[in-house]
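Number of protein chains: 2
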Amino acid sequence: MTPPSPLASRLGFIAPFHVMSLLEQARQLEQQGHDVIHMEIGEPDFGTPPAIIQAGMAALQAGHTGYSPALGLPALREAIAEDYARRFGVQVPARRIVITAGASGALLLALAALVSPGKEVLLSDPAYPCNRHFVHLLEGRAVNLPVGPDSQYQLTADHLAQHWSADTVAALVATPSNPTGTLLSAEALAALNTAALARGGRLIVDEIYQGLVYDQAAHTALAQSDQLFVINSFSKYFQMTGWRLGWLVVPEAYLNAVNRLAQNIFIAASTPAQHAALAAFQPDTLSLLEQRRLELKSRRDALLPMLQQLGFRINSQPQGAFYVYADSSTLAGDCEALSARLLQQAHVAITPGIDFGQHRAREHVRFAYTVPVPRLEQMAERLRKVL
Amino acid sequence: MTPPSPLASRLGFIAPFHVMSLLEQARQLEQQGHDVIHMEIGEPDFGTPPAIIQAGMAALQAGHTGYSPALGLPALREAIAEDYARRFGVQVPARRIVITAGASGALLLALAALVSPGKEVLLSDPAYPCNRHFVHLLEGRAVNLPVGPDSQYQLTADHLAQHWSADTVAALVATPSNPTGTLLSAEALAALNTAALARGGRLIVDEIYQGLVYDQAAHTALAQSDQLFVINSFSKYFQMTGWRLGWLVVPEAYLNAVNRLAQNIFIAASTPAQHAALAAFQPDTLSLLEQRRLELKSRRDALLPMLQQLGFRINSQPQGAFYVYADSSTLAGDCEALSARLLQQAHVAITPGIDFGQHRAREHVRFAYTVPVPRLEQMAERLRKVL
Ligand SMILES: Cc1ncc(COP(=O)(O)O)c(C=O)c1O
Ligand SMILES: Cc1ncc(COP(=O)(O)O)c(C=O)c1O
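Line order of the protein sequences matches chains A and B. So the first sequence is residues 1 to 387, counted in UniProt numbering. So the second sequence is residues 1 to 387, counted in UniProt numbering.
Just chain A, same shape as in the assembly:
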């Protein structure tokens, strides 16, 4: 007899990623010998830069395998502070930089410090799906605000003015964003921050795709204020996804709370990964990453017209990250059926919009341009045949 299985109520709010079942089907197709073009996963295809790999190997060889301090290796926190100064001219004391297991760890820390049960966090819909699930994990309420092309799929200070309630404690935005690749300007960030602070709450800015912008210089929300939380990661720009390393920039008032949380929840982030990441800011690595950024830009520039010719509509120009959020409503009624069909008939894997929210989600799909241009052309050719 199976015993009773008490299940936490939060599981009622935590959805699996729909793309996972697509991934499983893709694996099966590949096992049958089919060539699948993967554009579904949020992971650059370049691999970690060689200097970072070498530094990781050297750290292992040198025996850097013990626990690190809970907030991270001092040298890495300093290196990130220096990078903020060098790249953006912004002074961020290393003391406010907390090393985490990816942006995932940073999101958990920031939200755990802010969100009491029943308190609200304003999010965009569509958005990175884990955001709302982190809020549910912590027993807060995720308030998913429909956004569209009129605000480049981003929250605005107006959204905050309209939807901030007595229970709201924070608003969370991402720039460049996932799934839309759109940006927030310095002015927009300043306005959002002012709006949140004026209402007694905080702005959290997810800058995990920082540096992956194609039509302007990269910037940081930290230039606007030292009162906001910034999420970042070595996953995307530095292409260290599997190492699980990121960071959180914490307003002074939250340092003590975040320290206690980090000690207890994580003990520390990976020590070999932290040593490896010290090589991320070397000039040769930075210039390699710049080349890769330019490669991503060419892909985006190639992909957009292809998708438009296929009948997708791009309602807001993606300017960063490596995603195109494409309106598929004239091609198919339902993004899930469409994604399944494109996988089965064209062996092209993309992500259905419903992984990112509810608002017009069934009318959208996300393409990750994590394959080279010739492969994008192949993708377009395959889709042309089946659409």
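Hints may contain errors.
[Stated by the list, open to error] Distance windows between CB atoms, simulated: (1) B:D334 to A:E187: 19 to 27 Å; (2) A:E187 to B:M20: 49 to 57 Å; (3) B:V386 to A:F13: 51 to 59 Å; (4) B:Q31 to A:D83: 21 to 29 Å; (5) B:G47 to A:F46: 30 to 38 Å; (6) A:Q25 to B:G148: 31 to 39 Å; (7) A:D83 to B:L29: 30 to 38 Å; (8) B:E82 to A:A186: 54 to 62 Å; (9) A:F281 to B:A223: 47 to 55 Å.
The hints are simulated quantities; they were obtained by calculation from the structure and are not laboratory data. Just so it is clear, CB atoms sit at the ideal spot from N, CA and C, and this is done for glycine as well.
Chain A is already provided as a structure; the job is to place chain B with the ligands on it using the hints.
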């Protein structure tokens, strides 16, 4: 003007580790040129076994730096399943083994699946301090039950019978335990599991110190039931603390929930670490780890009489992990003052009992025997002078 800083209510329940301020003082002493004997940190001093280091380096060289599947590399889940079969004769399907960022990640997943707001988890006092903080993170209630030498500082089925309320969903035990190094027998585990299941809840068994036992063969709670959660880690027995790698064995009924939580909270555990850990089960590594276990046993056997001669009382023989939980009540009124004095006057760093709970906590300190026997002798000599 500093803006308001909304702070999550859980922070009222999440304490910092007291040992951290001792660590800071120890660092200062070392900077002044003093030789500090470190017995405060829960980390073996051997370093990661060479074959695991080599496998980690090879993984990096081979470019295994992308995201892994959320539940872990299939090969590692299989290897752990095979290890359960080989070492303990227990069949655990790989499907039920979820790879996590340390036992820390496993504790978070198990508790996030079980604990709704206001629900209770029964814990021993003293216990690993993060346990109660994980429960608070998830808005549950940690019910810390005083335990003493009469139950070898462990929860018993009687504790569950007496303290299980309508709101209780789980009981969490550790064997070998931190801070006491005491064990639960197979019979005790079976009784605890039966008691939890009979009341509609679940038993969680933290086996992070599995294999580090000195007077009997190691065993696993999984031999008793497939309905309990088991926490484990590569941190202690396999001496991979800084790699952040562990696992959770999940009852069938919770697989779906734990999968959704893992995808969203962590994305995945470290990929290089998982490849490295594949070398943990090789015969040469296992025999090295056996030598190290014997070394720890000699240290324990040397340390216990030393502490007793110094006037500490050991109220329950520690049989595993690498800790001695010593009753200091005849030597000093307060563990915190005592720890501070031993650090300042003898340059010996130990952990005050108050890091592990409240019950008679001020009358105890924890010694971690993570230094070789000659160093233990030096420690004893230094303490003799100041006590
Ligand atoms: C917007 C955004 N934030 C956070 C994350 C988490 O990434 P990681 O934990 O690998 O740093 C992702 C991953 O895709 C993301 O797209
Ligand atoms: C009893 C116990 N459980 C869990 C942990 C967490 O260890 P890790 O996350 O390194 O596996 C520790 C660490 O000291 C511990 O003592």
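Checklist entry - Quick one: are D334 of chain B and E187 of chain A within 19 to 27 Å, going by C-beta? => result violated (56 Å)
Next on the checklist: Verify the CB-CB distance for G47 of chain B and F46 of chain A against the hinted window 30 to 38 Å.
Outcome noted: holds (32 Å)
Item to check | F13 of chain A and V386 of chain B - C-beta distance against the hinted 51 to 59 Å | outcome: holds (56 Å)
Next on the checklist: Quick check on a hinted range of 49 to 57 Å for E187 of chain A and M20 of chain B, using CB atoms only.
Outcome noted: violated (41 Å)
Checklist entry - Do the Cβ positions of Q31 of chain B and D83 of chain A conform to the proposed distance bound of 21 to 29 Å? => result About 27 Å separates the Cβ atoms of Q31 of chain B and D83 of chain A, which means 21 to 29 Å holds.
Next on the checklist: The hint says 47 to 55 Å between F281 of chain A and A223 of chain B; measuring C-beta to C-beta, is that right?
Outcome noted: Between F281 of chain A and A223 of chain B, where Cβ atoms are some 50 Å apart, the hint holds.
Item to check | Cβ separation of E82 of chain B and A186 of chain A, checked against the hinted range 54 to 62 Å | outcome: holds (55 Å)
Next on the checklist: Taking the Cβ atom of Q25 of chain A and the Cβ atom of G148 of chain B, is their distance within the range 31 to 39 Å?
Outcome noted: violated (56 Å)
Checklist entry - If you check the beta carbons of D83 of chain A and L29 of chain B, does the distance land in 30 to 38 Å? => result Given about 33 Å between the Cβ atoms, the range holds.
The structure does not agree with the numbered hints 1, 2, 6 stated previously, though it agrees with the rest.
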